[in-house]
Amino acid sequence: MHATLPLLAHSDFPAIRRRELETVQVNLGYVCNQTCLHCHVNAGPTRTESMTRETVNQVLEYLAASGARILDLTGGAPELNPYFRDLVIGARALGVTVMDRCNLTILFEPGHEDLAEFLAAHQVQVVASLPCYTEELVDRQRGKGVYEKSVQGIRRLNALGYGRDGTGLVLDLVYNPQGPSLPPPQEKLEADYKRELGAHFGIVFNHLFTLANMPIQRFGSTLVSKGQFNGYMQLLRSAHREANLETVMCRSMVSVDWQGYLYDCDFNQMLGLPLVDAGRKKTHLADALGRDFSGNPIVVRDHCFGCTAGQGSSCGGALA
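In the working numbering, the protein residues as written are 377 to 696.
A hint or two may mislead.
30 Å max Cα-Cα, derived DSS-like pairs, lysine-lysine [what the hints assert, rightly or not]: (1) K570 - K602; (2) K525 - K657; (3) K570 - K525; (4) K525 - K564; (5) K520 - K570.
Hints listed in this document are in silico derivations from the structure and should not be mistaken for laboratory results.
All chains should be modelled from the sequences, with the hints used to inform the complete structure.
Listed below in structure tokens is the structure:
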């Protein structure tokens, strides 16, 4: 796989600083039941990295001490971590909102048959990947048969109350472009998703998040192989909007890797660019208890233009 960090190293991305912490995003490991072309984590069934119980307990300690109100769980497939449910239960006991970045097909994996019911019982917000509302494009990006299972998964969540008014069970979907292009306007695409999925399958959901593909890991390597890396970076840079700097997710979020080390965002985590902290090369959860990183500079490289291009892109969708 082609390394993309050397291609991003010399950057003129604007300097930005951290604000008050709101969200702790935790990567529970790179093990996944899918291998997606756009994956910036390079996750898959052959990966073995997975967070230990000791580190999960440190996440809970950090949550309690930091005052963060949101725990955002990602992977790989975060649910494949053996301590996923323990972490959810512990965070909810702290009064923290829990988000699960779910690929939907995990709901049908052996040993996870009751996962949907578990998520509903603990009022976990589900952020589900569905990169298009058509079968052809989803299967092209995520693998044959993924679309059909994804639709079944959403309908199962709907049956439990997810995405329905008055239940408090939030179901958001995520769109990624098929290639080196910016996402279309989020509001219009959300209306298209709701119309098409509702008409064909009776599916309902709360919101659609549109995310730009990051030129790192598997997607970045694919761009290099196809000779499209420089063109995509030019697109991101030319579409940069200064106003998006005010709401980029790294200002109010800290990203934690499967070993417990801290980063400004999940993308920096995948590039091995740790959070800046008083000269330390890397900061671990155990060293961060009671620490306030507000005002610290955020580590930036050229991939950051992916978050500020056009309508902007974050784990919560468009910024504009």
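(message) What's the verdict on K570 and K525, does the C-alpha distance respect the 30 Å limit or exceed it?
(response) 18 Å, holds
(message) Does K570 sit within 30 Å of K520, going by the straight-line distance between their CA atoms?
(response) 23 Å, holds
(message) With the threshold set at 30 Å, check whether the alpha-carbon distance from K525 to K657 stays at or below it.
(response) Violated: K525 and K657 sit about 43 Å apart, past 30 Å.
(request) Would you check the hint for K525 and K564, treating anything up to 30 Å between C-alpha atoms as holding? (result) It holds: about 25 Å lies between the C-alpha atoms, which stays within 30 Å.
(request) Please work out if K570 and K602 have their alpha carbons no farther apart than 30 Å. (result) 34 Å, violated
When the structure is compared with the earlier hints, violations turn up for hints 1, 2 and for no others.
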